[in-house]
Amino acid sequence: MWRDASTWAAEALAVFAKEWRCEFRTRYALNTLALFAFTTLVVVSVSLGPIGVSLSQGTAVLPVLLWVILLFSAAAGLPRAFVQEEETQTAIALRLAATPSALFCGKLLYCLTLTAALELLVTPVYLAMTNLNVKSPGLLVAVLAAGGYGLAAGSTLVAAIIAQARSKGTLFSVLAFPVLLPLILIAVELTRGAVAGDPGGVALPQLLLYDAVVTIAGLMLFPAVWNP
Amino acid sequence: MKRALAWLLWLWMAAVIAGAFLYAPLAKGFIGQSSRILFFHVPMAWVSFVAFIAAGIWSARFLFLGRRPEHDRAAAAAVELGLLFGVLATVTGALWARVMWGAYWNWDPRQTSIVVALLFYGAYLALRSSLEDRDQRARLSAAYAVLGLAVAPFLFFVMPRIMFSLHPQSVINAQGKVEMESRMVQVLLAGSAGATALFFWIHNLQCRLTALSDRKSALEE
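Note that the protein sequences, when read in sequence, are chains Z and A.
For the record, in the first sequence the residue sitting at position 209 is 209 according to the working numbering, with numbers rising by one throughout.
For the record, in the second sequence the residue sitting at position 189 is 189 according to the working numbering, with numbers rising by one throughout.
Worth double-checking, as some hints may not be accurate.
Short derived list, chain A residues pointing at chain Z, Cβ under 7 Å [to be verified]:
hint : residue
1    : 120
2    : 125
3    : 126
4    : 130
5    : 131
Hints are computed from structural coordinates only; laboratory data are not their basis.
Note that the structure is a prediction, hence the values are computed from the model and not measured.
Just so you know, even glycine gets a beta-carbon here, dropped at the ideal spot from N, CA and C.
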């Protein structure tokens, strides 16, 4: 039992390590994510004008824009996790080498670290550029953590689905957005709460519940998606 | 026998339409005749909800209970019909909203959740059309449908909490009381039952049709 669990964890970690090793060879996902996020940030910030928006408008509008930037940046970078396996035709080798659930967790961990890096890059710059004053930073960190996890988990499963289809790039956005929309709505609501300084109430547990549901659905569905 | 049932359904739906205009009274507090759209709008919204759940269940059966192609065909047909009924429910709802609320669209929670459902249906069909291999298409689209079913409750439970709704209460409201004139309830329930039967009838025809075309393409290969 324990040995099974430890080989499973070793497999998942091996997949995770492999992902980052491949990533550092080309730095494709990192560069795309960072540049895409930064470009969108600049567009948003410039369009809002030199002094930004007024305080009341800012509380309503700026959290939405933050999550739109995060969502679209994730859509630009995360699908690579599986698309690249199909393009380089390494998917078959990976099917032979790893158990599906361990593979899913390894890929999820990789997407999670990418999302976390994205949030670490985007959020401080965004707050600085838009002069947004966050009243409860702790809640903001919690929302970014829970929301980022949901974003990564949903994207991992959808990426596995679209990797085997034609027209992968556009299909990812089409498939991922209806699934991620509840997450984005809850996260925007909570981010507004963090900016205005009111505690989230039941929204944070709801966000965590969403994360749990998507993780369980991913673990259950991934073997069927992955193995022909 | 089947023909008789189809005729019975035709008569039933004709009676519902007649009942909506001639038998049911107007609801209090609604502008003009606008409350009559209820007898068409609610059954369509209900059917699009049933189709969504049915597609999810058929997909789960396909994935976890022995990969049978008829379950895949059933899920796809349910999504196609769900999209049709969902669009009809959205349009009838928007027309009514224009009369009562003064705007076709105002992102009421119900409007938001049906738009997400339509997006989901559309995405499902886009996924199917971009996969050529039949087994692969069945497998991946079933997984996507089950994922949608898992996430859907968040829309229905989270939306009403975040947003204020102007949408009239459901037939049975939070107090569990029916606050509608009994003749209206009769027509509404008859309409919903008829629309559900209509859905399963068209669904059955569509499944048989796709089964035949699948067999034809299998013979040609």
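Right, here's what the structure says about each hint:
1. This hint holds: residue 120(A) has a C-beta 4 Å from the nearest C-beta of chain Z, less than the 7 Å allowed.
2. Nearest Cβ of chain Z to the Cβ of residue 125(A): about 10 Å, over the 7 Å cut. The hint is violated.
3. With 7 Å as the threshold, the beta carbon of residue 126(A) comes within range of chain Z, its nearest partner Cβ sitting at about 5 Å, so the hint holds.
4. This hint holds: residue 130(A) has a C-beta 4 Å from the nearest C-beta of chain Z, less than the 7 Å allowed.
5. Look at residue 131(A): its Cβ gets to within about 5 Å of chain Z, closer than 7 Å, so that hint holds up.
When held up to the earlier numbered hints, the structure conflicts with hint 2 and nothing else.
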